[in-house]
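Chains as they are written, first to last, in our numbering: chain G, 45 to 610; chain C, 45 to 610.
Just so you know, not all the hints are guaranteed correct.
For identical chains, the list gives no copy identity; a pair is met inside one copy or between any two copies.
Said to hold, decoys possible - As a list, the in silico EDC-like pairs of lysine to aspartate or glutamate whose alpha-carbon atoms are at most 20 Å apart:
hint: 1; residue 1: Lys-585; residue 2: Asp-87
hint: 2; residue 1: Lys-266; residue 2: Glu-65
hint: 3; residue 1: Lys-416; residue 2: Glu-381
hint: 4; residue 1: Lys-507; residue 2: Glu-550
hint: 5; residue 1: Lys-69; residue 2: Asp-576
hint: 6; residue 1: Lys-575; residue 2: Glu-83
hint: 7; residue 1: Lys-56; residue 2: Asp-592
hint: 8; residue 1: Lys-449; residue 2: Glu-429
hint: 9; residue 1: Lys-69; residue 2: Asp-247
hint: 10; residue 1: Lys-422; residue 2: Glu-250
hint: 11; residue 1: Lys-259; residue 2: Glu-429
These are computed hints drawn from the structure, not numbers from a lab.
2 protein chains.
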Amino acid sequence: MQNILRVDMTAKAITSEKIPEMYAKLGGRMLTSRIIRDEVPADCDPLGDSNKLVIAAGLLAGTPAPCSGRLSIGAKSPLTGTIKESNAGGVAAQKLAKSGIRAVVLEGKAEGPFILVINGTKGELLDAKDYVGMGNYQLVNELSEKYGNRNAYISVGPAGEMGLRAACIANNDPEGRPSRMSGRGGLGAVMGTKGLKAIVVMDAKEDNVNYADKKAFMDNAKAAIKAITDNPGTKGFTDYGTAALVNKTNTLGCLPTRNFSEGVFEGADKISGETVRETIIERQGSPSHRCMAGCVIACSNIYPDENGKEIVAPLEYETIGLMGSNLGIDDLDMIAELNYVCNDIGIDTIDTGAALGVAMEAGILEFGDGPKALKAIKSITERHEVLGRLLGNGAEITGKVLGVKRIPTVKGQAMPAYDPRGLKGLGVTYATSPMGADHTAGTTLRAPVDHRNPAVQAPAAQKSQRTVPIFDTLGLCMFSMGGLMSVRPVLVDMLNSRYGWTFTDEDLTSIGTEVLRIERSFNKSAGFTAKDDRLPEYFTKEVLPAADTVFDVPDEQLDWVNEDLD
Amino acid sequence: MQNILRVDMTAKAITSEKIPEMYAKLGGRMLTSRIIRDEVPADCDPLGDSNKLVIAAGLLAGTPAPCSGRLSIGAKSPLTGTIKESNAGGVAAQKLAKSGIRAVVLEGKAEGPFILVINGTKGELLDAKDYVGMGNYQLVNELSEKYGNRNAYISVGPAGEMGLRAACIANNDPEGRPSRMSGRGGLGAVMGTKGLKAIVVMDAKEDNVNYADKKAFMDNAKAAIKAITDNPGTKGFTDYGTAALVNKTNTLGCLPTRNFSEGVFEGADKISGETVRETIIERQGSPSHRCMAGCVIACSNIYPDENGKEIVAPLEYETIGLMGSNLGIDDLDMIAELNYVCNDIGIDTIDTGAALGVAMEAGILEFGDGPKALKAIKSITERHEVLGRLLGNGAEITGKVLGVKRIPTVKGQAMPAYDPRGLKGLGVTYATSPMGADHTAGTTLRAPVDHRNPAVQAPAAQKSQRTVPIFDTLGLCMFSMGGLMSVRPVLVDMLNSRYGWTFTDEDLTSIGTEVLRIERSFNKSAGFTAKDDRLPEYFTKEVLPAADTVFDVPDEQLDWVNEDLD
């Protein structure tokens, strides 16, 4: 069974119906973007009645395919005004697939909050007044006590309830931490303002994941596992997690430092993947951890304090970059604490880190002052704290209000932890992705190109941007990409043996372009043009000292990236 | 002589040249909008290098035509993103005309600040470091001591220097008060970020205003004076000033009250035009005052405190509405004080009043609490006061950051003191004007229609919107409209006897449509569409208690207003 569960928050009415034929071969990002493009008026208020929040499992969710439990959540973004898909790990996609649900579509708006409990293919809306304003950790703790600890919990913290434009949606990991974030684009504000505090996906009694050819599927899944574990890049992620990137980007001169004004951080050693690992081992935490069943990489970690008590899990690169070097903070414990508070109130660490960076450049806070940054983040949920309200709405609005010249955003969304002057291919993706600045839209960090040569970036960025949607649609983690792209027939065969389709390699390739085409058509209707596919002017004029260059990929190259799609 | 003075702030280069043929018959708003449409990239950053600030005298400036000294200042607005013309009284237009200058065009951007001194048709840029951060009153006082008290001073306060999006440009009145504001659209931020603190237009030794037929001009000017003074509407403005509107709009149920949530204010009597007049007379101030030579209406006033010491001059309706009833404040002295501080720091009282209203709705401040509102306004120029930064950027951004549902803005600009549910024709203008919510773009307050009947508003708004640009282009005050539109041949004859043209009545009419066509073509290039020509949704859904109606003019009627122009 493969259903779409539609929840009309205005009418408090729920329907669960077999996925219609036109959507039957879509999953993950391809499904969220397609439903939004088809059903959401492009010019609607993202926090109004007409927006929809679509939560979709990938096509391989619930199977033994490795790393296949990524969840796609999409909507019109209140941060960017574009279409948005935000992708996270955790257990939800697998629980949805096992329940027989391909996607949940939230429509309308209620005076909430409510909790949506999904049991099999049915759903029920329950009053959630007791949970108003509650942080994600306490919330999921209480819900787990009530509903059990084998379920998926998809929730918003107070930031989402308040409709703050940098609010995220939390998904629990296998141990129940609400720390796998659908972080970007402010989708937590969409869920919160629809009046939904949490979704409980009850662990299904009966497994609805069936196979056209189970043996073939299992053989291919094994081959997929081998491809990932054999890939030379995988071990670094297992040992050091994403934090391995600190030294890499610092060496490349593109580690955002003090509000993207420098690309090398003098305190990089103190916040590197090596230091993270050593600190965790010394304190008897876990340097490797899986955010979902079936993960064979384990890039996650559990970061404890000096007494061995968990501060946050995971502590990842983007947060270390945006809330560490970007703020001039070289204290991992402080960064972990900032991270925990962001998770708890439900706010994106990337946009909030970037917002703190511009507030520091404006002189409202000071670079390197962790305690004041922490206090500022805590004030985000105090309705009458104006600085908090500002930070909670993201870096762009914070920078505009505070009159800062360097605002590291594209289409209203903050750049993740790679200065586009030192990694120009990702700069091309920041500019040209349908979703604003987003490394998960197509990084070029591992592409075999000179990252500072402006002439070679556009093809690399295009290739990456057109590969990512395949993984987002199948529900595969992007860290499996290096391994799995070397065994593409295995991906095709898994789809065919799961569903009885006759997918070809060309079909796989076309997912990449089709997803982008759908997303760009929505954005076009919302008024976006080639002029929006640009970086902020200062990146093209102000030399980044560490990289000794500006972002100089010509506009024509930026336009070339998508010109065959429109 | 009729020159255009071009000031390149980047190169610190000034040229003064005879107005080119294609602009020779343009003045005021028609000239500012035309130069901007022709020369400013529609998609540029309004606070960047490419925007231009154009200051133009009207076609009748410097002549004895009554009420003919209005000044047009135009640019791409940092508040709305649209083209903008902001219109003010004061002495500048007449001084420019007498100097032989039709328009000043400020281009580029300097690390300022500088002062531009205009002497005859020549200009000079002088260092202004001594005046950094200075309020308008002290600034113009010091400049008057240095340059004399018969000059025009066009200046920005600290709000403009800081690039705040609600910053205005101040123009002095005949006695030297920098209180005739080019208030809307944040044009002070454009001037300030270009590095220009003030323009001194030296009183010309030689009068450059010549006539093709002086006697004919004088005869027509006399007829124009008679038409205005004979108009029954004029006396109300002379006696009570614009504040006469308080009772009128309160009776209509459209006096903005507590952030546009009510349309009748229980304290209206205490802030009415009658009370303003009585208070001024009792305190020996001036209930009637002229903002420019040649004014035969004298709607302005000088408002003193209990001891007879001037608080502010003038105290006008829009400020009383936005900073009085809209904030639940019924104390005229407090409103006058709020007004003075806004003038001094150089910030628009309409957008700032609306911003305070949404901050009050958000619970950051309290309705009725004048001293706290005053403190908040004073904090606008303290760079590290986040609430101040927010208010200084206007009502829309304040409302968005604070999460307020009722944000009374169109295209980013706050509504003046008329709730569009009680005065639906002006609501049509708010929605469809090229400049966002602006009563001076075409009010219907005096149109002979039932202001609550949705079926009859669009033609009334269209007529008004197409009349206003004629007055803005000739440099005539809109309070002369009632009188002068009854003697249209007099207007045509004044133009012809001044310039030796062969203007016809049709030419006069076509100014109205041509100006709007120019402005709309700029906005179209900047990405604005019919979808932007709408009021915020809540006006169409939430009944205004006093008027017992929503804004229900159909979208098709809104689109009809301009459909023949594009």
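Structure-based check of each hint:
For the homomeric pair Lys-585 and Asp-87, the shortest alpha-carbon distance between copies (18 Å) is at most 20 Å, but the shortest distance inside one copy (33 Å) is not. Taking the shortest Cα distances, Lys-266 and Glu-65 never come within 20 Å of each other, neither inside one copy (30 Å) nor across copies (79 Å). Taking CA atoms no more than 20 Å apart as the test, Lys-416 paired with Glu-381 passes inside one copy only; the shortest distance there is 12 Å, against 36 Å between copies. When the C-alpha separation of Lys-507 and Glu-550 is checked against a cutoff of 20 Å, the pair qualifies only within one copy, where the shortest distance is 15 Å, while the shortest distance between copies is 60 Å.
Neither within a single protomer nor between protomers do Lys-69 and Asp-576 lie at most 20 Å apart by alpha-carbon distance, with minima of 32 Å and 37 Å respectively. Proximity of Lys-575 and Glu-83 under a CA criterion of 20 Å is satisfied inter-copy only: 18 Å between copies versus 26 Å inside one chain copy. In the homo-oligomer, the alpha carbons of Lys-56 and Asp-592 never lie at most 20 Å apart, since the shortest distance is 57 Å inside one protomer and 30 Å across protomers. In the homo-oligomer, the alpha carbons of Lys-449 and Glu-429 lie at most 20 Å apart only across protomers (18 Å), although the nearest pairing inside one protomer, at 24 Å, exceeds that limit.
With identical chains, the CA atoms of Lys-69 and Asp-247 are never at most 20 Å apart, being 24 Å at best within one copy and 77 Å at best between copies. Within a single copy, Lys-422 and Glu-250 get their C-alpha atoms no closer than 42 Å, and across copies no closer than 65 Å, so neither meets the 20 Å cut-off. In the homo-oligomer, the alpha carbons of Lys-259 and Glu-429 never lie at most 20 Å apart, since the shortest distance is 59 Å inside one protomer and 66 Å across protomers.
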